[in-house]
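Asks: In order, the protein sequence lines correspond to chains U and C. The first sequence maps to residues 0 to 524 in numbering that gives the first Met the number 0. The second sequence maps to residues 0 to 309 in numbering that gives the first Met the number 0.
These are calculated hints, taken from the structure and not from any lab test. These numbers were taken from a predicted model, which means no experiment stands behind them.
Think about it this way: if two alpha-carbon atoms lie no more than 35 Å apart in a straight line, the pair counts; the simulated DSBU-like pairs of lysine-lysine are:
| id | chain 1 | residue 1 | chain 2 | residue 2 |
| --- | --- | --- | --- | --- |
| 1 | U | K324 | U | K417 |
| 2 | U | K376 | U | K288 |
| 3 | U | K288 | U | K351 |
| 4 | U | K67 | C | K205 |
| 5 | U | K376 | C | K91 |
| 6 | U | K23 | C | K205 |
| 7 | U | K417 | C | K29 |
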Amino acid sequence: MSRARYKGAVAGSGTFSGAGFAVKLVLIALVDALGVFGVLAAWRAGSWGILAAMVALLVAANWVYFTKRALPLKYILPGLAFLLVYQVYVVGYTGYVAFTNYGDGHNSTKEQAIDALLVQNERRVEGSPALPLTVVEDGDGELGFAVVEDGVAEVGTAEEPLAAAPDATLDGDAVTAVPGWTVLDRATVLQRQEEVTTLRVPVSDDAADGSVRTQDARTGYVFQPVLEYDEAADTMTDTSTGVVYTPNDEGQFASADGETLPVGWRVTVGFENFATAFGDERYAGPFVKILLWTFAFAVLSVVTTFALGMFLAMVFNDPRLRGRKIYRTLMILPYAMPGFLAALLWSGMLNKSFGVINQVLLGGAAIPWLTDPWLAKLSVLGVNLWLGFPYMFLICTGALQSLPGDVYEAARIDGAGKWRTWRSITMPLLLVATAPLLISSFAFNFNNFTLIKMLTGGGPRFDDASVPLGHTDILISMVYNVSGLDGSAPRDYGLASALSIVIFVVVGVISAVAFRQTRKLEELS
Amino acid sequence: MTTPIERSTDRASSPAATGAGEQVLRHRMKPGRWARELGWRHVVGVLAVLYAVFPIVYVVSASLSPSGTLTGSNELFAQVSGVNYADLGNTKFWTWMGNTLVIGVATAVGTVLMGAAAAYAFSRFRFAGRRLGLTSLLIIQMFPQMLAFVAIFLLLISLGEVVPALGLNSKLALICVYLGGALGVNTFLMYGFFNTVPRELDEAAKIDGATHAQVYWTIILRLVTPILAVVALLSFISTFGEFIIARVVLQSESNWTLAVGLYGWVSSLLEANWGLFAAGAVLSAIPVLALFLFLQKYIVGGLTAGSVKG
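Same shape as in the complex, but just chain C:
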């Protein structure tokens, strides 16, 4: 897989590091010069990779350690067994995993649908209150929803008295709360990207008789797929790891998400539950890690789109 970073360095060598003609010299470089110019970079690289990877190696080893305790996990890969993974079946882990995936996917899909629609309206229509709307979104986005968790808790108590499915201890209610934060965070990211799609395209389609809905579904959405992927992914990942609102809203153990459940294991009986936690951590990191590696090129593009022009 080639990332944008990779491609852009292929095109033009980085200005910060290379002088002209040094490419040719690579094979004839003397060992001293190699060490001075490239060797130390490998040393730094190996150190950085060790720093980055050590905890991950450790958690994999701990998850395979049959003792299942913190002390017993300290010798990396001393013994290997799948007993911790099997033990997860006796806990609520898989229920939590299911809850987390349902909540994460529903939130991601909802966020993309609503955010893209709003971005389309702001990008393509001119209407009274458009500037005001954009400015309000910019201001609202500065106030993270999680800060209002007390008010969310109180709101859900009242809503639950009317419609229990929208009240406390309901996954649907949690999804609704997360969707409330969808517009504020993502519309701007999408709005900028929508503006880069040439307007001539939808005008041509309109002349051919397409309605605004047809333009939206068949032309614009096809052209902005990368940003949709980024927003869906970021939304999924942030929902996946969200703790404070999930903790406040979901009260019975069978409704918990992974973040709430695994926190419970570690905070209550750290020493005894360590093997279970490690196995659970490895399994829960896999979906996010996989998404991340597969969509790496989109993420790097999406992250830098907001900041770097060029």
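The shape of chain U in the complex, shown without the other chains:
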């Protein structure tokens, strides 16, 4: 489009139709209202990063929709905003997390880790008085304690430190009612025993003052941290043993003889996660096996589905054949079946003792389809063939029918036989036409988490691995297991992200090379 035309388009945007402008105003007002709400919420929560991002998006939106100089952005911005936050940012953040030790034991910032350490290592204060205690509940169902200290009633929850409640009703020395709180009866306390005994109500805002805890829901005691944090020296001291802990490079407090405190904070650890993946004996062995199997799985999936799909496409590519439409409709049913359902369905059908394949089709055989390492791999490929061949059949049929007729005529005149025609004409042309889809199919299968997770769950497990990984796990399911998000292993976001980065690189390189190759192929043809 020429420059003049672009100007024309810009000028066009100046003439608003009334209704359109009104709709725009309402939409922008809505976005602004929500945005301001978000900004205020971020301010309250003290999340400065989110605050900055929200302000930036809000300013950008208002500028784009009220200036006349950003016409294309008016159309791109909504999608771009989501893309930046939920794709570009998270990929970048994955890159950052890959270089940290984020995970169980290193979950938060140093300040939060110090607070957690102080709270978790508590001991009853020697000689502290027994406080008459009542378990109460606020309107949201959150538990709290009402205690009487020196004749004054105080109420607090895990979040809110104890505060005086002058309007509480006292019976003898215990609280019987507090306005705004419900006093729990004995039966309810017993029911929620676990919650009550683990509840810690801080005495004040300062974690070092300790917190009130109870064992019997009648009397409470003040517990104080065993550890003491010295801000000036940045050390932790165990007041009972006198051992001094100093922060180390790993994001933990360590004593002189190497003993560490359980809660740490996250720090950047350089390439340590990558070194773990490739070098640590717990991960390196499984990692190499899984990497090879991922490639084998993705390549074989594409090859088998393409071979069967192409074969069927050629078989049915004969207009004299009756009932082609019925055949085709029935054959693409697996493709229309959601992948997760198919994988779950096959996992039942292939069950060793009860499944229909062993029991009915194979007359009661007990073949361990999903529990033998090699058979499980075969089953995964077989199920993926079932899921994928209709797609290949569809695209091959489309490609076959668009092949030029004249080359076949030329081949016939040159005396080429059926096999020769197929090998020298049909196959290359078909490959050129479908190559981009084959690459996408490879990339899809490389990360086909759903199939693996639902069919075998990655099993059977490696005998020698201490981590929950198995013979049919592919890289993405390894990432999932290592991340510990399903609770099967300790959480290790750092290592999981590092493995994600490895997949990013593999998929990226392969796509780039493959697309370049196809472009060459297309130029040749």
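Mind docking chain C on chain U? Use the hints.
Replies: Chain C in isolation, oriented as in the chain U frame:
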């Protein structure tokens, strides 16, 4: 319903298989020749259909089997009863179905609106950064969003502390995450299709005084309906079956989608829950299957549009 494939074979017989004049011979073909040229194709066809359809027949039969166990489902259609379907009412199945449909439809609509708008801008305007934008999209599209699920989880923890509706265990948050992947995947598909709409049309409209918004809503969108249908459908189907992000984000059982819920049934108590799962699977496959069969012609066209020129 006639698909593009059907129509194109009506027009010109396929070059790969037919010789001239054989059409006429169809009725006079000798049995030996029929078997050699067409009969074996039927044999292959029947085998392929058996392979494709057997699991589906099996799951329908299992869903109707009153025993509700894996073992009890092995005799196809031995007994027929609707007890498994009725039992679904005592589970969270219908909640999951509702969640899945809400999330799928919202994502599909959002994806189409945002993707089409972006494709329109890239196809019709020339602006600084256009090539860069297209190239960036091409590169971003190579990195599937699901690989970053750990970072998504961590991002949603932080967002949830500010606005709970955008945090973990929120359907809205999940929709937002899915919409983040909308541009990368679909803009190119749409961009190519938008380019096939002749530019003279919108220029004529502009001369008549239409604004860019009027051109977009009243002219372009009407002409690209097929690709909008394809993108909406593909987006709905991929959201429908998406597991890893849904599993990480949605934590309470009443927020789960079908993929997360049905996985829970099969993975925890395969033998006992089999009847429930089969009934649930049949019901959840129906919306997708129906969409698929009704929109078959669009899908075939859309799939091949990306690859096959001609």
